Amino acid sequence: MEQILKVEGLCRDYGRGTVTHAVDHVDFAVEKGEFVGIMGPSGSGKTTLLNCISTIDTPTAGHIWVEGKDITALRQKDLSRFRRERLGFVFQDCNLLDTLTAFENIALALTIRKTPVEQVEPLVQETARLLEITDCLNKYPYQMSGGQQQRTAAARAIVTQPALILADEPTGALDSKSARLLLDRFEAMNQLCEATILMVTHDAFTASYCHRILFLRDGSVFAQLERGDLERRDFFRQIIGVVARLGGDQSDVL
Amino acid sequence: MFSKLAVKNVGRSFRDYGVYFLTVAFGVCLFYVFNALETQAVIRYLARHPRSDVVGAIQRLIGVLSVFVWFVLAFLILYASRFLARRRAREMGTYLLLGMERWQVARLLLAETAVTALIALGVGLALGVALSQALSVFTAGLFAVPMTFFTFSVSLPALGKTVLAFAAIFLLVMLYHALSVSRRKLIALIQAERTNQELRVRNLGASVVLFLAGCALLGVAYAMLLTRGLLRVDALFWVMLGLGSLGTLLFFRGLSGFLLRLCQSSKRLYYKNLNLFILRQFNASINTTYRSMTVICLMLLLAIGITATSVGLNNTVEQMAREAQPQDVELIAWPEEEGDDLDLPAVLMTRGFDLSRRCARWAAFPMYEDEEGRPCLLQKDYQAYVDAWGETQAGAFLESWGARVLDGDGGTLVVQRWYFLADYAGDSQEAEDAFLQAVTDIPATGGYQYSTRLSTWMDLVGTKVLVLFIGLYLGVVFLVASAAVLALQQLSQAADSARRYRVLSRLGVSEKMRGRSVDIQVFLAFFLPLALALIHAVVGMTAANAVIAEVGRVDAAASSAVTALLLVAVYGGYFLATCWGSRRLLRSGT
Chain A
85 MEQILKVEGL CRDYGRGTVT HAVDHVDFAV EKGEFVGIMG PSGSGKTTLL
135 NCISTIDTPT AGHIWVEGKD ITALRQKDLS RFRRERLGFV FQDCNLLDTL
185 TAFENIALAL TIRKTPVEQV EPLVQETARL LEITDCLNKY PYQMSGGQQQ
235 RTAAARAIVT QPALILADEP TGALDSKSAR LLLDRFEAMN QLCEATILMV
285 THDAFTASYC HRILFLRDGS VFAQLERGDL ERRDFFRQII GVVARLGGDQ
335 SDVL
Chain B
8 MFSKLAVKNV GRSFRDYGVY FLTVAFGVCL FYVFNALETQ AVIRYLARHP
58 RSDVVGAIQR LIGVLSVFVW FVLAFLILYA SRFLARRRAR EMGTYLLLGM
108 ERWQVARLLL AETAVTALIA LGVGLALGVA LSQALSVFTA GLFAVPMTFF
158 TFSVSLPALG KTVLAFAAIF LLVMLYHALS VSRRKLIALI QAERTNQELR
208 VRNLGASVVL FLAGCALLGV AYAMLLTRGL LRVDALFWVM LGLGSLGTLL
258 FFRGLSGFLL RLCQSSKRLY YKNLNLFILR QFNASINTTY RSMTVICLML
308 LLAIGITATS VGLNNTVEQM AREAQPQDVE LIAWPEEEGD DLDLPAVLMT
358 RGFDLSRRCA RWAAFPMYED EEGRPCLLQK DYQAYVDAWG ETQAGAFLES
408 WGARVLDGDG GTLVVQRWYF LADYAGDSQE AEDAFLQAVT DIPATGGYQY
458 STRLSTWMDL VGTKVLVLFI GLYLGVVFLV ASAAVLALQQ LSQAADSARR
508 YRVLSRLGVS EKMRGRSVDI QVFLAFFLPL ALALIHAVVG MTAANAVIAE
558 VGRVDAAASS AVTALLLVAV YGGYFLATCW GSRRLLRSGT
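Respectively, the protein sequence lines represent chains A and B.
For our numbering, add 84 to where a residue sits in the first sequence, where the first one is 1.
For our numbering, add 7 to where a residue sits in the second sequence, where the first one is 1.
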C-alpha cells in the first residue's frame, strides 16, 4: 500500500518559560484509501496536530511527509500551492463563502487550480450527486441547513481529488440525523473515490465510521484501535471502552 | 456604569471605530475649511480691492454649496455608522440576551456615539484650522500675495456653523441607532454575521430595462444641455439636472444588476481563477454600491467640471487684458484754465521721465471739442498716431472715444483735454516705475488720469486669481470628498470580508492572487463612477465652453491637462492607498 501521510517526531510547543507541549513527539502514518480518526478529550492536541498537517500551523520539531514530500520544509509560496493541489478541508464551522452559491463554492476549489473550464461543471455535478446536495446547488449557505452546508464543504474538499482530506470535528455542529447522513457520505467518498480521510473528533459515534482510531492524551498517542472486520456497533463499544479509560468526555458518548 | 461601559467599548472596538472616527474627523475638517474661506490670505487680499462685491458673491455661493457638502457628509457619516452598527450587531444581541432592556442598549450606543463624536469633532476642528492655514500659506505663495495679508486666524462663524452642522448629523445618527436597536429582532442581531442582507436575486430583464432607461434619460439630459446651453437657469434647468441624476442612478442600478449575469454567461471568464469570487464580492454589496456610485459620480462631475472651467476661464481673462489696453501708457490731462496750453511730454521730461530713453514710440496731442460737443482730432495728430501704431489701432482709438478727424488746425475750437500715449522701451518694469514717479502730483492741470498696461494686467490678475483659486479649491474639495468616501467604503468592505479571505487562504489561494482580487474590486469601485463622470464632464464642458467662447478664447488643452493632473494626483493617490490598506487589512486577518 502506498503511504500518503507520514508523521515523525512531531512537536508543537506554545508559550515561553513554562512551555506547553500541545503536541509531544507524535508518530503515525496513513495509507492510501484509509479512513483514520483522531480522538481525545479537549486540550489533548487533536486540533493542533491537524493544523500542523494542514500547514496552517508550523511544528516546533519533527517532520510531516505527504506523498513522500516533506511539507515542513516548504516555503510560504509553495505551501499555498500544496494546500490548493493536495489537500481538502472540512471544518466544524464549515467555512463556506457566504457570497457564493453552493455550486460556486464547490467550483471555486477547481477554478483556483486552473481546471479547464469545460471540466468544472461536470465535476461539480458529479460530486454533488455523490454527496446528495444536487437540490441545493443554487442556494446560498445561509439558505441551507447545517447538514447541507457541511456536505457542501465536503464536496468542495473532494472535488479536486486531493491526496488527503482533513476533517476537523465535521459533525460538531450537527444533530444526529444530519451527522449520520454526512458520515454516510464520508464513507461513500472513501469507498467509491478511494479518498484518504483524516478526521479529528471527540465523538465516539462519529469515530465509529473510521477504519482506525488514534487516541491522543496530553499531546501524545495513548492508544490505537483497528476496526478490522468488526460491525460498526461493536467497534463503537470498543471505542467507548477506550474513552472510559482515557477519562473525561464520557458525557459526549451519550 | 453605562458611561464606563460606553467609554470602554469605544476603546476596545477601536479598530471598528477607527473607520468611523476618521470619517467624522475628516468631514468636520473639510466642512470647516470650506466655510472658513475668508481666513485665506488670497481672499483677504482681494477683499481689500474694489472687487469686494465679488468676494461677497463668493461667500454666498459657499453658503449654498456648503448645504450640498452637508448632505454629502451626512450620507458619508450615516454610512459609516451603519457599517459600525452591522459589525457590532452581535454584541448588541448579546447584551439583549443577557437581559438588558432595549432602551438601555440604545442608550449605550448613544453614549458611545457621543463619546466618539465629541473627540472626532475636536480633532477635526483642530485639523481644519491647521489645514486652512497651510492652504493659505501655500496659495498665497502661489499667487504672490504680499505676506502682510497672512495672519494666523480662526473663523468663528465657520467654527459655529461646523459645530451646528455636525450636531445635526449626530442627531440623525443617534436616531438611526435608536431605531436600529429598537426595531430589529434579536435573532437578526445574533445572526447578523451569517446572513447577507444585500444578496437579493435580481431579474435580468428588469436590470437591462433599467439600464437602457438610464441611458435614455442621460441622452435626453445631454441633448437639453447642448441645445439650451449652460446658463439658462429656469424650471427646465432643474428638470435637466433631475433627469441627469436619475439617469445616472438608473445607469448604475441597471449595470450592477446585469454585470454579474453578463460575466456568468461567459463560462470561460467566470470560471477562471478567482473571477467568480470577485464578481460575487462586488455583487454582494451592490445595493449600497450603486447608490454610492451615483453620488460619487455626480461629485466627481462637479470636481472635474469646476476645475476644468476655472482653468479655461483663467486663460481667457489673460487674453482680455491685452485687448483692454493697447498702449503701455495712457495719460489724459485736462487744462487748468480754458485755453491753457499743456505740453505733457515736456512736463514728464522735467519730472525725470526720459522719453528718448524710456519710450519706443510715443504720441502727444490735444483733443478738441466741436460745436456739438463732439470730440475731434486734428489730421496731423491722427497721422502721428497712425505712424506710431498703425491704421487699425488708430481707427479703434477714434471709435472708442467717438471722435472724428478734423482737417486744418482746430481754429476757434477749444481744447478739451490733452493725450499722451507711449510704448515702453527696454525694461518695462523700470520704465513703469519712472513713469509712476513722474506722474505723481503734476502741477498746473485741471486734473488728470492715467492707466498703464501693467496695472490693468495686475487688476485682471486679481480676477484671474479669484476664478482659479475658487475653482481649484472647490474642485479639490469635491475630489477629495469623493475619493475619501470610496476609500472608506472599500476599507470597511475589506474589513467585512476578512473572514472570506481567511477561507480562501486555507483553500490554498496564494497571497498574490488574493491581493489581485482586492485590487480588482477597488479598481471597479473607483473607476466605474469615474468613467461615467468623465463622459458627463465632456458633455458639460462642451456646453460651458460655448458660454466662455462668447467672452473670449477657451484654452481646452491647458484646462484638460490641469484637470487630468489633479485627478491623477488626488484620485490616483487615494486609489493606491486604498489598495494598499485593503491588502494590509486582509493580510493581518489571516
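By construction, these hints were calculated from the structure, which means they are not laboratory data.
Small disclaimer: the values here were computed from a predicted structure and weren't measured.
Backbone N, C-alpha and C define an ideal beta-carbon position, used for all residues, glycine too.
Don't take every hint at face value.
[To be verified] With a Cα cut of at most 27 angstroms, we get these calculated DSSO-like pairs of lysine-lysine:
#, chain 1, residue 1, chain 2, residue 2
1, A, LYS198, A, LYS116
2, A, LYS223, B, LYS387
3, A, LYS198, B, LYS519
4, A, LYS223, A, LYS161
5, A, LYS116, A, LYS90
6, B, LYS11, A, LYS161
7, B, LYS274, A, LYS153
8, A, LYS223, B, LYS15
9, B, LYS279, A, LYS161
10, B, LYS279, B, LYS519
11, A, LYS198, A, LYS161
12, B, LYS279, A, LYS198
13, A, LYS153, A, LYS223
14, A, LYS198, B, LYS168
[Stated by the list, open to error] Which residues of chain A face chain B? A partial, calculated answer using Cβ under 8 angstroms:
#, residue
15, CYS95
16, ARG168
17, THR195
Quiz item: Hint by hint, which ones does this structure get wrong, listed from lowest number up?
Solution: The structure breaks hints 2, 4, 6, 7, 8, 13, 14, 15; every other hint is satisfied.
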